[in-house]
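Going down the list, the protein sequences come from chains A and B.
Sequential numbering from 6 applies to the first sequence in this note's numbering.
Sequential numbering from 6 applies to the second sequence in this note's numbering.
Fair warning: there could be bad hints in the mix.
As the list claims (entries may be wrong) - Some chain A residues judged to face chain B by a derived CB distance under 8 Å, without partners named:
#	residue
1	598
2	672
3	676
4	678
5	679
6	681
7	683
In case anyone wonders, no lab produced these hints; they're calculated from the structure.
C-beta: ideal position from N, C-alpha, C; glycine also.
There are 2 protein chains.
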Amino acid sequence: MVKGFTISTLIILSISVGYSQQHPGLLLTKESVVELRQGVEKFPLLKTSYLEAKAEVDAAMSRPISVPIPKDLPGGFTHEQHKNNFLMLQKAGVVFQISNDEKYAKWIKDVLLTYAAIYPTFDKHPATRSYAPGKFFWQCLNDANWLVYVSQAYDCIYDWLDKKTVNKLNKELFRPYAEYISIQNPQFFNRIHNHSTWGNAAVGMIGLVMDDKELIDWALNGLKIKVPGDIVKDNDGGAIQLKGQTEAGFFAQLDHSFSPDGYYTEGPYYQRYAMYPFLIFAEALANKKPELGILEYRNGLLIKAVFALVDQTNAAGEFFPINDSQKGMSLASRELVNALSMAYHYGGKNPQLLSLIQEQGRVPLTTSGLSAAKDIAAGLAKPYIFNSMELTDGANGDEGAIGIIRSKDLTLMMKYTKHGMGHGHFDRLSFLLYNGADEVIQDYGAARWVNIEHKDGGGYLKENNTWAKQTVAHNTLVVNKTSQFMGKVDDADKTSGTAYYFNAKNANVQIVSAKETNAYAGVAMQRTMAVLNIDGIENPLVLDLFNIQADKEESYDLPLYYMGELMSTNQKYTTNNTLTPMGENSGYQHLWTEAQGSMTGNLMQMTWFNKGKFYTMTSTVKAGDEMLLTRIGGNAPNYALRRDPGFIHRRKAGNTLFANLYERHGFYSRSDEIPVNSFTSITDLTVLHESADYVVVQFELKNGDKYRFAFSMNNKDEKTKHKVQIGNELIEWMGVSQFLKK
Amino acid sequence: MVKGFTISTLIILSISVGYSQQHPGLLLTKESVVELRQGVEKFPLLKTSYLEAKAEVDAAMSRPISVPIPKDLPGGFTHEQHKNNFLMLQKAGVVFQISNDEKYAKWIKDVLLTYAAIYPTFDKHPATRSYAPGKFFWQCLNDANWLVYVSQAYDCIYDWLDKKTVNKLNKELFRPYAEYISIQNPQFFNRIHNHSTWGNAAVGMIGLVMDDKELIDWALNGLKIKVPGDIVKDNDGGAIQLKGQTEAGFFAQLDHSFSPDGYYTEGPYYQRYAMYPFLIFAEALANKKPELGILEYRNGLLIKAVFALVDQTNAAGEFFPINDSQKGMSLASRELVNALSMAYHYGGKNPQLLSLIQEQGRVPLTTSGLSAAKDIAAGLAKPYIFNSMELTDGANGDEGAIGIIRSKDLTLMMKYTKHGMGHGHFDRLSFLLYNGADEVIQDYGAARWVNIEHKDGGGYLKENNTWAKQTVAHNTLVVNKTSQFMGKVDDADKTSGTAYYFNAKNANVQIVSAKETNAYAGVAMQRTMAVLNIDGIENPLVLDLFNIQADKEESYDLPLYYMGELMSTNQKYTTNNTLTPMGENSGYQHLWTEAQGSMTGNLMQMTWFNKGKFYTMTSTVKAGDEMLLTRIGGNAPNYALRRDPGFIHRRKAGNTLFANLYERHGFYSRSDEIPVNSFTSITDLTVLHESADYVVVQFELKNGDKYRFAFSMNNKDEKTKHKVQIGNELIEWMGVSQFLKK
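Start from the sequences and build out the full structure, keeping to the hints where you can.
Written out as structure tokens, the structure is:
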């Protein structure tokens with residue numbers, strides 16, 4: 006299907022040569038400019054956004070034009086100056102169109118002519134460390150950024166310019182620049198990768214402005230030339246050509262980068278980054294080449310992808326920090342300011358998006374932004390309803406997924422996706438849990454302070470590999486103190502987690518279950534999590550059943566990165582006054598053991614306190630189980646890691662089951678000093694049955710109520726009857742699961 | 006003066022026998038009730054507060070009356086039931102008066118008669134661990150709480166009750182109960198202590214209700230009987246009789262507990278607790294015995310004390326967590342809800358208080374609350390202006406002080422008070438720094454989770470003594486790894502810090518300087534801090550000059566408990582992968598050394614990041630200086646301590662000066678990922694002169710500007726000329742300090 010569509014679009018392209026050209030036509034149109042001029046007077050969000058942009062441009066124009074010969078790396082003068090230039094040029098273009106004040110057009114013209122003047126005077130940026138060195142920047146990626154933004158500025162003054170200047174700029178600056186980042190650097194342009202998405206968008210957008218059909222074709226369909234054979238990896242170690250890759254260009258990016266649900270295999274942090282060129286070029290194509298139906302491509306994939314991003318956030322709009330992600334990146338980012346308005350305008354005007362746009366407090370100065378600001382001013386905004394959902398991974402949606410369960414204030418996310426390439430973590434079957442915006446069980450995120458020079462220039466720290474990516478840094482099983490796939494990306498990339506069961510139809514019993522059989526040789530793992538609403542308990546309970554089937558006895562560590570202050574446990578432990586790292590590799594070198602204990606009895610309970618709320622984990626204990634209380638931070642010179650606490654449940658076993666139950670309960674305010682419900686409601690948790698096929702557990706509340714949960718792990722036919730003998734009792738149920746009050 | 010006043014009040018009392026009695030008359034009056042009835046309809050804050058109280062009382066009345074025979078300790082059933090009873094009775098009284106619905110009066114009557122019925126049936130609470138066991142509670146303190154609250158309820162139904170019931174309750178419950186906590190327990194009632202404040206208020210308030218002049222006299226002037234000789238200490242080890250104490254009763258409490266500025270020697274956390282009985286009894290006296298002029302006593306001390314509390318908060322209304330304090334206790338507490346409205350109504354109707362009351366979101370259901378709610382509804386609220394100020398300690402205001410300097414978003418507090426008795430910390434010359442509500446340099450507070458059973462029943466943890474009180478837990482000098490006064494409270498209580506200089510008249514150069522010569526034998530310390538606003542720097546700089554004059558060489562540790570994540574330092578250090586405690590006592594046993602380095606050059610700079618802002622400390626370095634990066638948490642089983650970071654500047658010297666400069670700079674948002682000004686503006690800091698009499702330092706900014714600060718440490722006459730020779734230059738200035746741009 007995907008292939009066929011690509012061919013048909015080529016046909017459409019070839020017959021669209023005569024399409025009439027208007028400027029502006031990318032993000033603004035003649036019609037929308039008229040409306041925008043009125044809108045900035047009438048609609049508060051648009052007015053604010055416009056005045057902010059105008060003030061920034063006015064400030065930039067008050068300084069002398071500066072187009073330096075390229076020399077520096079990021080952080081250095083020439084890099085930052087060229088970056089600032091493209092941001093200001095784009096804004097100046099919009100301000101010109103809205104204000105109709107020619108001084109803005111003139112400034113853009115002057116700056117562009119300065120670029121045109123120096124462009125032929127040097128070969129390329131002097132830095133050589135990129136696999137694809139750029140012109141004004143050290144890598145083509147930044148030059149593509151430049152062209153994506155500056156195309157928009159050029160589009161805004163194209164009709165205002167005299168023909169001679171247009172010809173000069175087209176021939177001496179833009180066409181050569183577009184060729185530089187495409188045919189002169191196919192190793193950058195012809196990949197399936199976010200770098201190429203930027204490259205395709207840049208070349209395509211300037212092509213649309215200049216009505217240059219060849220550039221548009223390259224952008225949409227890739228180059229028909231081969232990448233020079235000596236360049237096989239990029240600077241991050243990523244392969245230039247994916248195995249079996251036969252296509253390139255924007256359509257190929259769309260085909261390969263997203264699942265049918267709009268999930269991006271690197272996770273939401275990088276999806277946010279990649280969305281800008283995807284959407285901005287798509288919006289330009291929607292305006293300039295509506296016959297392509299780009300926004301309907303793959304069942305409206307791009308709009309779905311925006312919704313997928315929104316659905317991967319906590320109550321503060323922060324993305325789930327899976328894979329390499331800086332925590333705190335959120336719907337407030339500039340990329341999402343564009344994305345949400347665009348998804349609103351082109352995606353059926355879902356009024357729930359308006360409330361999110363309202364929170365952003367600004368809109369893009371485009372047709373989309375106008376549309377959103379207008380409808381917000383008209384009072385159309387509705388709260389965004391966050392639903393439980395499974396988002397599949399893989400181009401065909403059959404390579405794992407993430408499962409998201411929402412229930413009252415709780416958000417549970419379980420991850421069983423593809424590895425996510427170079428930015429992926431070895432974290433299959435890991436989960437994270439939020440209470441509103443508060444992390445309850447955290448994912449560490451990346452070991453990086455993005456762009457903060459103090460921290461190794463703001464790039465990835467070496468601890469990102471040695472800690473953040475390792476399995477023990479996640480809330481999932483570690484076998485024999487080694488990471489999944491022995492920590493090898495190439496191996497992890499070959500397979501994905503396996504979605505087994507996701508059911509959120511019954512709001513009181515929502516279940517996600519997934520399997521992972523490749524991460525550890527001879528060890529089959531299945532995690533089943535159920536979010537349960539029960540009468541008489543204030544918050545939903547989270548049941549967590551981690552089943553392992555293994556050929557032989559192994560050592561299992563199940564970490565839990567709880568956030569907050571440990572209140573108490575019912576188990577005895579001894580604390581260490583001298584802290585030593587837990588191991589030498591696989592991330593253990595970064596963990597200190599603060600305390601340890603041999604667990605006794607059948608039950609372990611641990612309560613912690615975070616941001617006014619209490620939380621308790623109840624776990625079943627088997628003979629020989631140990632508990633370790635850990636602290637992150639060892640072997641991290643220069644304070645590369647946060648000192649966060651963790652808990653490890655350690656067990657030596659072959660086939661086994663870890664059964665846990667998490668409860669949020671009560672509250673405490675430091676100005677009232679009256680703790681309410683500071684103890685868990687759970688008095689017992691028992692495994693009634695565990696085998697390769699079934700698990701049956703029962704738990705009991707303070708009030709004496711007992712509940713039983715039964716689950717079929719290998720047959721998900723909802724019509725099949727299951728029987729399990731427990732002591733004298735024969736338990737029977739139909740379908741995958743049964744949850745009942747005893 | 007104080008003595009004289011007490012005598013004259015006795016005279017007034019003796020002639021006021023015939024004062025006519027009206028009910029209600031304590032917190033409500035006949036007149037205010039009429040207004041309150043209208044007010045709950047008209048004024049939103051009052052309405053909300055009334056409806057909340059009514060809903061609580063309705064819920065309580067829907068359950069059977071429960072007045073159990075006393076048995077349990079706090080947390081146990083009988084304790085919590087009696088506590089809940091007094092809270093609900095007080096509210097029911099108010100609801101009765103406002104609603105005029107007799108069901109509330111009848112319920113109060115029924116509950117009181119039940120109390121009267123069981124009162125004679127037992128001797129006292131069975132628990133024996135208090136120095137003053139109570140009747141319904143394990144200690145008289147809680148019985149006094151009961152009586153303070155229930156007096157208010159009784160006042161509300163007094164005129165509604167038949168005479169026979171009044172006589173019965175007076176004779177069989179209230180008078181005996183008042184005698185129990187006074188003449189039967191003088192060791193509780195006749196102290197200068199917050200326990201006795203509660204006792205005095207309780208006996209006084211029920212005396213006012215019953216028009217019982219003897220009780221009122223006891224309450225105001227104490228008992229003329231001697232405390233039994235065998236009780237000399239309370240359960241916290243506090244002395245029953247203060248050295249030289251000759252007075253007792255409410256006036257004596259007022260004379261001894263506060264400084265003339267309204268500062269309470271235990272600090273704001275305990276002041277907040279003690280304020281309730283002080284204010285509630287004073288309000289009752291103001292209504293019932295206006296001739297006492299209680300609110301004008303000691304120049305309006307009680308109202309001043311409320312302002313002093315407000316002035317000891319950060320931008321979130323949280324009290325400075327000095328001495329034993331749980332962090333987060335704030336103006337939102339129930340005690341302050343009463344205090345702020347009362348200070349408003351009786352303290353000259355300062356409209357700045359209204360904005361704080363608005364933030365509290367509720368008002369007391371009293372004349373004061375009515376007054377505040379009414380004026381807020383009338384739009385009279387103004388923002389509270391937080392000013393720089395020095396609050397003296399000691400009954401006469403001559404035993405040290407705290408200095409508070411506010412400048413833009415920064416709040417600096419330096420502490421050089423009395424020790425503060427059993428709840429005091431060994432922290433003279435320590436400081437803390439806020440940026441708005443964010444702690445920049447923290448005081449650890451108490452090692453306690455108040456009322457949280459998980460944590461040793463919610464009381465003080467042993468780490469409160471071994472860590473939180475010790476000098477090394479504070480931002481002040483530790484000599485030879487030993488706490489001030491060798492950690493002995495009795496010794497510390499004998500002296501106070503010495504206020505030397507406080508000047509906030511020039512908003513751009515605000516200075517606090519204080520001395521401490523008793524804490525360490527042979528070591529005289531003086532700390533001078535200046536908050537400086539300089540052109541071209543975004544935030545005020547904090548200059549910190551810690552001068553030491555010592556007989557011989559000592560080992561100095563100057564800790565700094567910065568909050569946030571360490572970004573970088575300009576000094577080389579090595580991190581430890583195995584962490585061991587830094588010492589065996591004086592708090593060092595709780596600190597791990599995470600890293601250490603021998604400092605080189607003349608300058609040490611360290612940058613950290615917290616809540617979106619960057620901070621840098623710049624320090625002068627002397628040959629042999631060492632730096633240690635520390636982490637709290639060693640030797641604290643059961644997770645008694647937070648894992649907070651610290652920095653220690655270590656030096657071996659006799660006379661010396663530690664010169665530091667703190668700068669808040671720039672910002673970073675995780676959704677923008679663009680750090681702004683992440684590096685300090687300070688390029689140099691030099692000590693030009695240090696001696697016993699003078700210190701002169703100079704610092705330099707990135708832009709090349711140089712500033713010089715000179716300070717006279719032993720002569721604060723503003724007319725004296727000072728001369729210091731620095732190399733070839735003779736520096737001259739007049740007065741204590743000079744700050745200038747070079």
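Taking the hints in turn, this is what the structure says about them:
1. 598: 11 Å, violated
2. 672: 12 Å, violated
3. 676: Holds, about 4 Å.
4. 678: OK, holds: residue 678 of chain A within 8 Å of chain B, min 5 Å.
5. 679: This hint holds: residue 679 of chain A lies near chain B, its Cβ roughly 6 Å from the closest one there, short of 8 Å.
6. 681: 10 Å, violated
7. 683: 6 Å, holds
In summary, the numbered hints that this structure violates are 1, 2 and 6.
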